[in-house]
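2 protein chains.
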Amino acid sequence: MSSISFIGLGGMAHAIAARAVAGGNSVELIGRDPAKAKGLAAELGAGATTGTFGTVPVGDIVVLAVPYTSAVPVVARYGDALAGKVIIDISNTFNADATGLLTPEGTSGAQEIAKAAPTSAYVVKAFNTVFGHVLVQERPLDVFFAGDDAGAKASVSVFIESLGLRPLDVGGLEMARWLEGVGPLLMGLARHGAGTFDVALGVDFPA
Amino acid sequence: MSSISFIGLGGMAHAIAARAVAGGNSVELIGRDPAKAKGLAAELGAGATTGTFGTVPVGDIVVLAVPYTSAVPVVARYGDALAGKVIIDISNTFNADATGLLTPEGTSGAQEIAKAAPTSAYVVKAFNTVFGHVLVQERPLDVFFAGDDAGAKASVSVFIESLGLRPLDVGGLEMARWLEGVGPLLMGLARHGAGTFDVALGVDFPA
Chain R
0 MSSISFIGLG GMAHAIAARA VAGGNSVELI GRDPAKAKGL AAELGAGATT GTFGTVPVGD
60 IVVLAVPYTS AVPVVARYGD ALAGKVIIDI SNTFNADATG LLTPEGTSGA QEIAKAAPTS
120 AYVVKAFNTV FGHVLVQERP LDVFFAGDDA GAKASVSVFI ESLGLRPLDV GGLEMARWLE
180 GVGPLLMGLA RHGAGTFDVA LGVDFPA
Chain A
0 MSSISFIGLG GMAHAIAARA VAGGNSVELI GRDPAKAKGL AAELGAGATT GTFGTVPVGD
60 IVVLAVPYTS AVPVVARYGD ALAGKVIIDI SNTFNADATG LLTPEGTSGA QEIAKAAPTS
120 AYVVKAFNTV FGHVLVQERP LDVFFAGDDA GAKASVSVFI ESLGLRPLDV GGLEMARWLE
180 GVGPLLMGLA RHGAGTFDVA LGVDFPA
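These protein sequence lines are chains R and A, in that order.
Start counting the first sequence at 0; every next residue gets the next number (numbering that gives the first Met the number 0).
Start counting the second sequence at 0; every next residue gets the next number (numbering that gives the first Met the number 0).
Please keep in mind that the hints were generated in silico from the structure rather than gathered at the bench.
Quick caveat: nothing in here was measured; it's all calculated off a predicted structure.
Ideal Cβ placement from N, Cα and C applies to all residues, glycine included.
Check each hint, because a few of them may be wrong.
One side only, chain R facing chain A, incomplete, derived with CB under 8 angstroms [to be verified]:
no.	residue
1	VAL135
2	GLN136
3	VAL169
4	LEU178
5	GLY180
6	ALA199
Covered stretches of chain A, as calculated for chain R (at least 3 residues, CB under 8 angstroms) [what the hints assert, rightly or not]:
no.	stretch
7	91-104
8	158-170
9	179-193
Distance ranges between label pairs, derived from CB positions [what the hints assert, rightly or not]:
no.	chain 1	residue 1	chain 2	residue 2	range
10	R	GLU104	A	MET0	41 to 51 angstroms
11	R	GLY9	A	ARG138	29 to 39 angstroms
12	R	ALA34	A	ALA153	48 to 58 angstroms
13	R	THR195	A	LEU101	53 to 63 angstroms
14	R	ARG190	A	VAL57	43 to 53 angstroms
Build the full structure now, drawing on both the sequences and the hints.
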């Protein structure tokens, strides 16, 4: 069981938090709109609490569940309030037509977030390869993650398993760019070869 | 049934050509070493033929099965001998430690190959997301592809199905960069979360 704080109250936060509660984790919900946070906490039940935006979150793991364009400013705003935390960056960084990424070559959303975070925080990229509306379905799903700190990745892996999902480590934080590149791929797949946004990317192991 | 020429005689050519023969396609093998081509043709049987490097290939579809660092020079060397052909670029373009790509932002191996090819040729990116040694296993596998010409993509899709694999269109050729980004991801996954190079990436559809 982990102690998790969510910054952001949108669809992804809702989907992951619902699984987190079901998996017996302690959940705190934080948003700029306290009423919305309280409403979501009531809906989730199981002792889900709410926190104050900008102050130290309760959770050891903080799921940064805001759009990428807000993520760096939010982390900068938090500043030392995120010291020592494991920050999960779930953002997709693709552009308006989902053919490219917003970040330049040689970096990624996750790496930009890491630059903005306290040096004692650990950023792990995860969940961006799973569509939020798929996360709420009852399906086996793979969650790819990347990060530089082994301990932080171990906590994130335990957390992902507690959600009933399969954690798959792809390496250091520099791999976040290629995880973020899966965003455009999934969008393209949904619009072309799959013809549905109900698809998920998974890993097939040999029989 | 399709008529397929392979330029290149390495592991990927071998794996795809073996499936192509089994799927009833007409197969031509082309390499700089005619003896090696003849040996592979004999091994494949089923009327597999050999062609002369640099001259017009027999196949309507040409699988460019050389390392990316050779691919653009080979296509330039062929020049108009590839006019009107559907060229399948199967290359991976990742760097020595498989954390980044050899091509700069805004392009991809496939797009560089398209620039070097005759304007009447159609480049389709495919197969780079499947490890060659996995292709020779008896497993259901997904093959992602990208390209700009609908007709060329339709032929490639039929060809992929003839191999007993599932074709999945991800969009235009600009998506090749993100398919190539799957190369580092798969390498990272094999080295970390999966712990085996016998993994394959697949798409899970809702039940």
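Verification of the hints:
The beta carbon of R/VAL135 is not positioned within 8 angstroms of any beta carbon in chain A (closest approach about 12 angstroms), and the interface hint is therefore violated. Interface hint at R/GLN136: satisfied, since its Cβ lies 7 angstroms from the closest Cβ of chain A, which is below the 8 angstroms cut-off. At a threshold of 8 angstroms, the smallest CB-CB gap from R/VAL169 to chain A is about 4 angstroms, leaving the interface hint in force. Annotation: interface hint on R/LEU178 holds; nearest CB of chain A at approximately 7 angstroms, less than 8 angstroms.
The beta carbon of R/GLY180 comes within 4 angstroms of a beta carbon in chain A, closer than 8 angstroms, and the hint placing it at the interface holds. Hint status for R/ALA199 relative to chain A: holds, with the closest Cβ pair at about 5 angstroms, below 8 angstroms. Counting residues of the stretch 91-104 of chain A whose CB falls under 8 angstroms from any CB of chain R gives 4; the rule of at least 3 is met. By the rule of at least three residues with a Cβ nearer than 8 angstroms to a Cβ of chain R, the coverage given for the stretch 158-170 of chain A holds, with 5 such residues.
Coverage of a stretch by a chain is defined here by at least three residues with a beta carbon nearer than 8 angstroms to that chain's beta carbons; for the stretch 179-193 of chain A and chain R the count is 10, and the condition holds. With their beta carbons about 42 angstroms apart, R/GLU104 and A/MET0 fall inside the hinted range of 41 to 51 angstroms. A beta carbon spacing of about 38 angstroms between R/GLY9 and A/ARG138 agrees with the range 29 to 39 angstroms that was offered as a hint. Separated by about 53 angstroms at the C-beta atoms, R/ALA34 and A/ALA153 satisfy the suggested range of 48 to 58 angstroms.
For R/THR195 and A/LEU101, the hinted distance range of 53 to 63 angstroms is not satisfied, since their beta carbons lie about 34 angstroms from each other. Separation of R/ARG190 from A/VAL57 is about 35 angstroms and departs from the stated range, judged on CB atoms against 43 to 53 angstroms.
The structure fails hints 1, 13 and 14 (numbered hints given earlier, in ascending order).
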